[in-house]
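> Chain residues, written in single-letter form:
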Amino acid sequence: MTSPTGRSDIAADTVRGGPRRRRVRAQVRGVPLPLLVPALIGMAFLIVPLIALLVRAPWRSLPDLLTSAEVWQALRLSLVCATAATAVSLVVGVPLAWLLARVEFPGRGLVRALVTLPLVLPPVVGGVALLMALGRNGVVGKSLDSWFGITLPFTTAGVVVAEAFVAMPFLVISVEGTLRAADPRFEEAAATLGASRFTAFRRVTLPLIAPGVAAGAVLAWARALGEFGATITFAGNFPGRTQTMPLAVYLALQSDPEAAIALSLVLLAVSVAVLAGLRDRWMTAR
Amino acid sequence: MTRTARRSGRPMQVAALGVTALLGLSACSSSDGSSSAASGSSASTSTSTSDKLSGTVTVFAAASLKESFTTLGKAFEKAHPGTEVTFSFGGSDSLAASITGGAPADVFASASPKTMAIVTDAGDASGTPATFVRNQLEIATLPGNPHQVSSLKDLTKSGLKVVLCDKTVPCGAAAQKALDAAELKLTPVSYEQDVKAALTKVELKEADAAVVYKTDVHAAGDKVEGVEFPESADAVNDYPIVRLKEAKNAVAAEAFIALVRSAEGQKVLTEAGFLQP
Numbered sequence: 006m007t008s009p010t011g012r013s014d015i016a017a018d019t020v021r022g023g024p025r026r027r028r029v030r031a032q033v034r035g036v037p038l039p040l041l042v043p044a045l046i047g048m049a050f051l052i053v054p055l056i057a058l059l060v061r062a063p064w065r066s067l068p069d070l071l072t073s074a075e076v077w078q079a080l081r082l083s084l085v086c087a088t089a090a091t092a093v094s095l096v097v098g099v100p101l102a103w104l105l106a107r108v109e110f111p112g113r114g115l116v117r118a119l120v121t122l123p124l125v126l127p128p129v130v131g132g133v134a135l136l137m138a139l140g141r142n143g144v145v146g147k148s149l150d151s152w153f154g155i156t157l158p159f160t161t162a163g164v165v166v167a168e169a170f171v172a173m174p175f176l177v178i179s180v181e182g183t184l185r186a187a188d189p190r191f192e193e194a195a196a197t198l199g200a201s202r203f204t205a206f207r208r209v210t211l212p213l214i215a216p217g218v219a220a221g222a223v224l225a226w227a228r229a230l231g232e233f234g235a236t237i238t239f240a241g242n243f244p245g246r247t248q249t250m251p252l253a254v255y256l257a258l259q260s261d262p263e264a265a266i267a268l269s270l271v272l273l274a275v276s277v278a279v280l281a282g283l284r285d286r287w288m289t290a291r
Numbered sequence: 077m078t079r080t081a082r083r084s085g086r087p088m089q090v091a092a093l094g095v096t097a098l099l100g101l102s103a104c105s106s107s108d109g110s111s112s113a114a115s116g117s118s119a120s121t122s123t124s125t126s127d128k129l130s131g132t133v134t135v136f137a138a139a140s141l142k143e144s145f146t147t148l149g150k151a152f153e154k155a156h157p158g159t160e161v162t163f164s165f166g167g168s169d170s171l172a173a174s175i176t177g178g179a180p181a182d183v184f185a186s187a188s189p190k191t192m193a194i195v196t197d198a199g200d201a202s203g204t205p206a207t208f209v210r211n212q213l214e215i216a217t218l219p220g221n222p223h224q225v226s227s228l229k230d231l232t233k234s235g236l237k238v239v240l241c242d243k244t245v246p247c248g249a250a251a252q253k254a255l256d257a258a259e260l261k262l263t264p265v266s267y268e269q270d271v272k273a274a275l276t277k278v279e280l281k282e283a284d285a286a287v288v289y290k291t292d293v294h295a296a297g298d299k300v301e302g303v304e305f306p307e308s309a310d311a312v313n314d315y316p317i318v319r320l321k322e323a324k325n326a327v328a329a330e331a332f333i334a335l336v337r338s339a340e341g342q343k344v345l346t347e348a349g350f351l352q353p
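Note that the protein sequences, when read in sequence, are chains A and B.
With the first sequence counted from 1, adding 5 to any position gets you my numbering.
With the second sequence counted from 1, adding 76 to any position gets you my numbering.
FYI, nobody ran anything at the bench for these hints, they're computed from the structure.
Hints should not be assumed to be uniformly reliable.
The following label-pair restraints were derived from C-beta to C-beta distances [unchecked claim]: (1) P219/B with P216/A: 40 to 50 Å; (2) A155/B with A44/A: 43 to 53 Å; (3) F50/A with E259/B: 46 to 56 Å; (4) L149/A with H223/B: 48 to 58 Å; (5) T207/B with D261/A: 24 to 34 Å.
Derived coverage of chain B by chain A (criterion: at least 3 residues anywhere in the stretch with Cβ under 8 Å from a Cβ of chain A; other residues may be distant) [claimed, not checked]: (6) 256 to 267; (7) 286 to 298.
A virtual CB, placed ideally from N, CA and C, is assigned to each residue, including glycine.
Turn these sequences into a full structure, and let the hints guide you.
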């Protein structure tokens with residue numbers, strides 16, 4: 006019986022703790038308790054681990070940990086690969102979203118479900134699938150290797166591929182949603198004025214959905230930055246070439262937990278910054 | 077007064093519901109919770125004789141022990157009906173980290189004294205760890221050895237894709253030791269997170285060779301071909317095993333360790349390619 010009381014105490018503290026406590030309290034009064042208490046437990050459950058990271062951070066040795074060459078190498082690689090994966094997603098993902106939103110074809114629902122599958126697929130499974138498809142001995146990879154001498158596993162390009170596989174569905178979903186919300190009559194008007202379908206897409210549709218594309222790109226970038234499972238499975242782990250921040254965090258935890266916390270803080274800070282930026286983007290988009 | 081009492085009563089109920097839900101979730105990850113707690117009390121009351129063992133023994137063991145410990149676990153369950161041995165196999169370092177982090181384990185078998193020290197230094201071990209086997213490195217190559225790897229030096233040939241274990245895990249540390257002994261510099265394509273991950277890359281033919289344990293090459297059957305190299309003698313790993321202080325099923329844990337160290341256990345381990353300590 007002690008733990009429920011403890012929980013409700015924490016919950017109550019969270020409500021009272023804020024600087025604007027009077028206003029919060031006044032609004033909270035109208036919220037039914039059976040909703041409020043579980044909501045606060047849920048909130049604490051999601052936020053407390055992040056706070057714990059801050060509490061346990063080795064603040065004193067942090068500057069040394071974060072200025073080491075390996076950290077910068079991993080962070081730089083993470084940023085470069087996430088950006089490249091986002092670029093790849095934009096180049097093929099936006100046309101794919103357009104196809105799904107604007108063109109009627111048989112099995113469209115199935116295709117839509119399949120291209121968004123990586124959203125819910127465990128990333129490790131994605132990595133295994135990529136290995137089977139694009140590995141040196143894979144279904145497609147075998148030909149890539151023997152015809153062009155291209156092998157993707159253990160290369161930076163492999164990291165980009167793994168990240169794009171996991172992140173692109175976020176972009177496709179975001180862009181497709183924006184396209185469905187955008188009025189197709191603008192495109193039709195452009196067509197009646199003599200524009201080809203591609204010109205209409207380029208000159209009319211794209212500017213119209215630009216905020217949605219940007220939001221999708223930021224989401225995809227953030228997802229790519231945090232990618233771990235598919236990367237370590239498909240691209241391996243080599244400092245400077247395939248070791249991104251999440252991999253560095255995982256391996257640091259095995260030998261130097263303090264370094265792992267420090268690295269996690271950097272990723273946390275970047276993610277918070279991205280989400281803050283995304284929020285504004287979405288506000289203006291809707 | 078009555079009103080406040082009622083008000084404070086309700087959130088408690090709801091909070092209890094929420095906590096129960098959370099506990100229900102966490103129970104999924106440690107399904108042995110109630111059974112091993114119950115068996116712990118019965119085990120402590122039972123006097124010595126091993127045929128009265130029951131409940132779950134949770135063993136955290138180095139990835140390289142997977143095959144032989146799985147066999148020994150089955151033998152243990154057969155010898156002591158009513159017991160269940162559950163394993164968590166992984167890189168010794170991450171296992172040690174989860175144990176010091178409070179993971180519910182009864183026995184820890186590590187692939188190196190260094191990782192065992194993480195657990196003993198944290199005061200999580202009960203008694204002194206005992207070395208039960210030793211393991212030697214071997215080169216795993218593709219079946220038929222198409223690149224004609226015959227020595228550690230051959231791995232440094234350009235164009236050959238070699239994977240090593242990361243230096244943070246024992247097989248990586250041992251490989252580095254062997255390379256140092258041979259005064260060789262080897263740049264792998266990847267530092268894998270444990271010995272099985274390194275071997276898998278060769279089994280899938282994504283890498284041409286890996287430096288792994290002899291036992292792993294043995295366990296992989298004809299999916300890889302093993303190449304022995306003399307420098308491996310300089311990098312033999314001792315495997316220590318210990319009962320953990322927080323063990324819920326201490327008696328059964330001791331019995332499992334006894335089995336591992338017995339003649340029967342040593343036979344299984346030797347057949348898997350391990351060396352006698």
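> Does the beta carbon distance between T207/B and D261/A stay inside 24 to 34 Å, or does it fall outside?
holds (26 Å)
> Tell me if the beta carbons of F50/A and E259/B are separated by a distance inside 46 to 56 Å.
holds (54 Å)
> Is it true that the C-beta distance of P219/B to P216/A lies inside 40 to 50 Å, as the hint says?
The hinted range 40 to 50 Å is violated for P219/B and P216/A, with Cβ atoms some 55 Å apart.
> Could you see if the CB distance from L149/A to H223/B stays within 48 to 58 Å?
Once the Cβ atoms are compared, 20 Å apart, the range 48 to 58 Å for H223/B and L149/A is violated.
> Per the hint of 43 to 53 Å, is the separation of the Cβ atoms of A155/B and A44/A within bounds?
holds (52 Å)
> Establish whether the coverage given for the region 256 to 267 of chain B by chain A is satisfied; the threshold is a Cβ-Cβ distance below 8 Å, and no fewer than three residues must meet it.
holds (count 4)
> Count the residues of the region 286 to 298 of chain B whose Cβ falls closer than 8 Å to any Cβ of chain A, and tell me whether that reaches three.
violated (count 0)
Checked against the numbered hints above, the structure violates hints 1, 4 and 7; every other hint is satisfied.
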